[in-house]
Amino acid sequence: MTDVTLMSPEKGTTPARPEVPSRSSLESPAPPSASRIRMETRKLNFFYGKSQALYDISLSVPEKSVTAFIGPSGCGKSTFLRCLNRMNDIIPETRVEGDVLLDGKDIYGPGNDVVDLRRRVGMVFQKSNPFPKSIFDNVAYGLKINGLARRAEMPERVEKALKGAALWEEVKDRLESSALGLSGGQQQRLCIARALAVEPEVVLMDEPASALDPIATQKIEELIYELKRNYTIAIVTHNMQQAARVSEYTAFFMLGRLVERDRTDKIFTNPGQKITEDYITGRFG
Amino acid sequence: MNLAARRRALSHFVVVLCGVAVLVALLPLVLVFFYVLRQGITALNWDFFTKMPKPVGEAGGGMANAVVGTLILIAIASAVAVPVGLIAGTYLSEYGRKPFASLARFTADVLNGIPSIVIGIFAYGLAVMPVRRFSAIAGGLALGFMMIPIITRTTEELLNLVPSSLREGALALGATRARAAFSVMLPAALPGIMTGILVALSRIAGETAPLLFTAFNNRFFSTRLTQPIASLPVQVYTYAISPYEDWHRQAWAGALVLVGVIFSFSVLARVVTKRLERMHAR
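Residue numbers (this note's numbering), protein chains in the order written: chain A, 1 to 285; chain B, 1 to 282.
In case anyone wonders, no lab produced these hints; they're calculated from the structure. All C-beta atoms in this analysis are idealised placements derived from N, C-alpha and C, irrespective of residue type, glycine included. Please note: incorrect hints may appear among the correct ones.
Stated by the list, open to error - Which bits of chain A does chain B cover? Going by a derived footprint, with three or more residues having C-beta under 8 Å, they are:
#, stretch
1, 84-92
2, 98-112
Stated by the list, open to error - The list that follows gives simulated cross-link-like pairs (lysine-lysine, DSBU-like), each with its CA atoms no further than 35 Å apart:
#, chain 1, residue 1, chain 2, residue 2
3, A, K133, B, K98
4, A, K172, B, K98
5, B, K98, A, K127
6, A, K127, B, K51
7, A, K144, B, K98
8, B, K274, A, K133
9, A, K219, A, K127
10, B, K274, A, K50
11, B, K274, A, K163
12, A, K105, B, K274
13, A, K172, A, K105
14, A, K144, A, K133
15, A, K43, B, K98
16, A, K133, A, K274
17, A, K50, A, K219
18, A, K163, A, K64
19, B, K274, A, K144
20, A, K172, A, K133
21, A, K133, A, K160
Work out the full structure: start from the sequences and follow the hints.
Quick look at the structure:
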């Protein structure tokens with residue numbers, strides 16, 4: 001028996017680099033200097049109890065574009081994402097050092113309202129988490145709790161959000177039925193609609209398509225592509241092709257550190273660091 | 001006998017043992033049910049629900065006052081225990097990591113194990129002594145105190161089963177912690193909590209001891225909450241220890257009604273849970 005049978009094909013061969021689709025670089029050629037920085041971290045350190053998960057992360061998320069966070073499991077990219085809307089606050093014994101700025105204002109600063117922050121910085125989770133309520137009530141939830149719409153305006157706002165998430169045509173005849181009856185991909189788009197309903201400025205997505213089949217994944221990606229016209233998006237993904245397809249900027253994380261962050265086409269064709277190239281070409285991770 | 005055969009025999013023996021244990025566990029329930037049914041059915045008629053007790057020596061009459069009294073007591077107990085239990089359980093599940101929460105959890109478990117007669121004495125001291133009068137309120141309070149720990153713990157346990165991704169989803173939309181708990185987590189756990197409430201209700205519906213010196217008893221029809229009130233368990237107890245043949249028959253009928261009430265609570269719990277779950281999944 002030889003060792004060859006035990007080796008996985010990825011390790012045995014060097015696969016081609018994921019193809020960078022031309023549309024993103026052609027249609028949205030905005031250079032980094034031209035777009036305004038929406039969110040920014042400065043020397044961000046994060047601790048779960050005594051163990052440090054993030055080291056000195058300084059990173060910016062430009063307006064109306066998609067910034068992808070990639071890196072091997074446990075590299076801190078999700079933790080980083082969750083620092084951007086203070087979602088880690090609910091985990092006991094965590095600690096943040098450094099600054100996270102939204103439009104230049106520190107979101108961890110004193111007197112900053114975390115509830116208002118989360119309204120402005122929406123989030124879509126890895127596993128779709130619709131509430132066990134009707135489709136309508138799911139989308140209306142954020143509007144209700146934030147007092148953003150009067151009762152009479154609700155249907156209009158819900159329709160707008162569902163259209164924004166490319167789900168309206170599929171659910172318009174069954175708004176009152178339970179959201180749990182939708183397919184996985186529809187549930188995830190419902191969660192996106194729910195996040196859009198409160199008209200956030202930034203949308204954080206934590207591996208939004210990782211639990212979906214390829215067709216549903218494609219729909220989500222097309223949606224992300226549409227959304228960046230109006231929203232600033234930060235997305236964590238395990239799927240490097242996905243990062244290459246949907247994002248303008250890519251940040252590569254390793255062991256809690258930011259290795260590099262650059263335009264996506266540059267990261268995927270000519271990365272600044274050897275280790276980034278090794279990861280992208282599948283030599284490890 | 002070889003090893004394989006011995007193992008097979010042992011396995012067989014254990015299976016039979018398990019079956020016997022199940023039979024022993026179920027037998028009392030079946031026997032009680034059928035015995036009460038046989039004894040009670042003869043005295044059970046429409047009069048039992050609509051007529052008042054007759055004076056000693058006069059045949060017939062019913063327990064209308066006790067049937068209504070029991071319903072009133074259960075209503076008071078629920079009015080006290082359901083809100084307190086729901087909110088306390090939500091607290092334990094949502095915020096329950098501090099020392100105070102574990103103390104509260106432990107206290108609820110202890111309270112659940114306290115003999116019901118002691119709860120009765122407590123309610124006596126709380127609601128009877130100060131006003132120097134037995135009352136429906138005191139009885140309802142006593143029963144409510146018994147329900148609170150059951151509802152609290154059920155609510156907590158069922159909330160813990162709701163995936164925390166739902167809480168995160170609500171928080172990410174700008175919900176406050178409390179808002180997420182009451183508008184998302186609690187409704188998601190509601191089918192199970194309903195069962196918990198109905199289980200608590202059937203637990204207290206047949207309690208006699210806490211009522212003996214709180215609601216006391218009442219030979220007359222009363223719906224006034226500040227007056228002593230009749231209840232089925234106490235009426236059954238009073239009739240059963242009396243020397244009159246006719247009262248004994250009525251006590252059996254009362255026991256049957258109680259068993260019926262508790263049985264229907266259990267059935268209702270199942271139906272409601274199923275229906276709510278289906279509503280959620282649709």
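Here's how the hints hold up against the structure:
| no. | hint | verdict |
| --- | --- | --- |
| 1 | 84-92 | holds (count 4) |
| 2 | 98-112 | violated (count 0) |
| 3 | A:K133 with B:K98 | holds, 31 Å |
| 4 | A:K172 with B:K98 | violated, 45 Å |
| 5 | B:K98 with A:K127 | holds, 29 Å |
| 6 | A:K127 with B:K51 | violated, 61 Å |
| 7 | A:K144 with B:K98 | holds, 31 Å |
| 8 | B:K274 with A:K133 | holds, 16 Å |
| 9 | A:K219 with A:K127 | holds, 16 Å |
| 10 | B:K274 with A:K50 | violated, 45 Å |
| 11 | B:K274 with A:K163 | holds, 34 Å |
| 12 | A:K105 with B:K274 | violated, 50 Å |
| 13 | A:K172 with A:K105 | violated, 39 Å |
| 14 | A:K144 with A:K133 | holds, 14 Å |
| 15 | A:K43 with B:K98 | holds, 32 Å |
| 16 | A:K133 with A:K274 | violated, 49 Å |
| 17 | A:K50 with A:K219 | violated, 41 Å |
| 18 | A:K163 with A:K64 | holds, 19 Å |
| 19 | B:K274 with A:K144 | holds, 29 Å |
| 20 | A:K172 with A:K133 | holds, 16 Å |
| 21 | A:K133 with A:K160 | holds, 19 Å |
When held up to the earlier numbered hints, the structure conflicts with 2, 4, 6, 10, 12, 13, 16 and 17 and fits the remainder.
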